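Construct the complete structure from the given sequences, taking the supplied hints into account.
Chains as they are written, first to last, in this note's numbering: chain F, 1076 to 1167; chain Z, 812 to 1563.
Quick caveat, the hints were computed from the structure, so don't treat them as lab data. The reader is advised that the hints may include incorrect statements.
What the hints assert, rightly or not - Facing chain F, according to a computed beta carbon distance under 10 Å, are these residues of chain Z, among others:
no., residue
1, I838
2, V839
3, L863
4, F870
5, E881
As the structure is a computational prediction, the values presented were derived from the model and not from experiment. Ideal Cβ placement from N, Cα and C applies to all residues, glycine included.
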Amino acid sequence: MEKVVLKLYVSGKSPRYKRVIEEGHRIIEKLSEYDAQLEVIDISEHPEVAQEDNILATPTLIKKLPPPIRSIIGDLFDSDKILMVLDLAPLR
Amino acid sequence: MTMTDRVNIHQTDFGSIISSIADSIVIVDQKGNICFANPSAEDFFCRNLKELLGKPFGFPLIKDQTTEIEVISKSGELRMAEMQMTESVLGGKKVYLASIRDFTELKRLEQGLRKQGSDLAERVKELSCLYRISKIIERPKASFEEMARGIVALIPPAWQYPDITCARIILNGQEFKTENFKETDWRQTSDIVVNGKQAGVLEVNYLEERPEKDEGPFSKEERSLIDAIAERLGHILDRIKGKEELQRTNRFLDSIIENIPNMIFLKDAKELRFIRFNRAGEDLLGYSRDDLLGKNDYDLFPKEQADWFTEKDQKVLREMDVIDIEEEPVRTRHKGERTLHTKKVPILNVEGEPEYLLGISEDITERKKLEAQFQQAQKMEAVGRLAGGVAHDFNNLLMTIMGNADLMLMGLAEDDPFREKLEQIGQNGKRAARLTRQLLAFSRKQILQPVALDLNELIKGFVKMLERLIGEDVELETVLVSGLRLVKADPGQVEQIIMNLVINARDAMPGGGKVIIETANADLDEDYVRAHDVSLQPGPYVMLAVSDTGTGMDEETRSNIFEPFFTTKEVGKGTGLGLSTVYGIVKQSGGYIWVYSEPGQGTTFKIYLPAVVGETVQRKKEQPPADDLTGSETILVVEDDDALRNLGREILERQGYRVLDAGNGIEALRISEAHRGQIHLMITDVVMPKMGGKKVADRSQPLYPQMKVIYMSGYTDNSIAHHGILAPGLNFLQKPFSPEVLARKVREVLDA
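So this is what it looks like as structure tokens:
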């Protein structure tokens, strides 16, 4: 099964990020045919990770695997659209 | 705009424009990496251009989408910005232009505003909670339990998260809690302090964890609120305790007011209506509280009295000062007119205006009666003392006059024209002497000489005088049983008893009637004694009854008639001593007296005097012939009155005696010590200055053991007679006495 690694960077636990994180999980659900995983990183708690990962702002969703690396900046609200932007169309 | 004004903008100029604008501009290439950033972007992302160029930035989800992004600055500060990414073409290549506007400050302001708004809402909730608590507290008659239940229910809605808030009050072992109460880890408490001591605790819990705030699980305001509520609970209890204390004090005062023997009443100052009355007041006025409350004086008393009371009330309220009314009459429902001593006190409200009028009244009717009686008694005492004093001197004078008249008569021939004059002097002297005796009887200073006495004889000899006494309208009847036993009594005193009772009977029959004097023998046995008077000695008695057909007496009068100074007669008419003297004499004589009377049925007094057995009436001895009254013995006469002493000396010397005389006790003692020879008899006045007769006799007796003593007096102190009854065996001459009486007494005593 192809591996999909998504990293979601947030700042704090505001309702907005709650929603963002929910959306992230929804994407993983849609990727049931992959070995997909979502890693949520709160950069307010781990600012060093932002530095290492070269994250400039939140929310940012990065597809680490499979290549190419693609990222989305800003609110997440439409999982289908996200998958499209990440170049991760669900398998049919 | 003219052509000359137009500025030619070169392509390179855009760079400097972009560089100088406040918004951050970032250009992202097709791979999503940064290919341009202006200085504002360097500031916003806290990185220099070199650090930014080529760094992944990301694509927007939707072209032209406006989204919020957040950046953590190097100092850890969260900065917020609004970002719009638009697709553009640069140098023939598709790029994204991100325009980023930092609204951290704006957001902070907005949040501050929003928070203030929500704080305001919270404050409103808190205030309304406190307000509703104060409403509960103000509710009259609410018990503490009701208040506590009400208050605990008001707590959750006042907290930020009402749905998950529960509360509990624990106080003095009682627990009041909301239905959803549960002990949890998110707990807030405040002590309830009553009278400076912790009495309980107020507790507010969250049922589940709630978002943490800087201040901890509960906000600063909530901590203040729980403290405020706990404080209020403390106040309620303080107040309830105070109220209880007040109630206790009130109960205490009530019981004092209720049980105090004086009438206490309270009137409202406006309408002067009774609003409070105690038991003594009910008893005094004869009205129940229900009859009195709400009434004013005019509803209860005659107008004249109500006017008086009201005038006094108004004076108190006007002058705002206590007044003391020493005497005021009041008509009661059941006890007629009573006299009150009343104190009226204004009770002022906080503004210093009279609100109530307090009255305290003492019923001084009895006291006044007693005072009057006491005054009467004092008057009697004074009159008695005066009478006694006068009688002593008066008797001496009378005796001198009568004695000298008698002596002169002795020397006169039968047909001497002066004889009649002298006899008249003698008769008038006797009349004066009788008057003196009456004075003495009245002052109870006379001397009793009890003898065996036949009451029938006494009454028979007395009837004429009594008939004169009672007048023509009243008929006197005597029913005297034959074979009457003798009694031992002073005849003068028995006469006094009969006279007093007959006068009393007469006065009870102003329209005329009948007085019956009755005698009988009576044997009072054990049964009779038990039925009548246990202090009575069973045995043989003589009954003397005086009855009338007069107005009779009611129970109250009957129970008082023997009281000294009790009289139903008008002031000045009766002494109030008549029946009490009767009572005293009867008691002195070892007897008993009862009265039977009903209003309209007349009155009967029954006197029982102990019968004497084995004694006979002492008949007056046959007077020995005059020449038998002489003697030659030595007699010492002690008398402070010179005229009387000389008279005595002359009478005795005429009879042949040898007479020594002394003007006082000291002189008498000196004479008796100096005398050579026998002194056979001492005749001494009883009442003398310096040394009384009894003392003189007692001191001389050892020198002359055979010496006899005759006492003479017009009245007596207690030296020879106890309570007026002469000590047995004493020889006594009641002044005034005639020369013949003296001569006979002397012979009698010397010969005995």
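Structure-based check of each hint:
no. : hint : verdict
1   : I838 : violated, 14 Å
2   : V839 : holds, 9 Å
3   : L863 : holds, 8 Å
4   : F870 : holds, 6 Å
5   : E881 : holds, 5 Å
In summary, the one numbered hint that this structure violates is 1.
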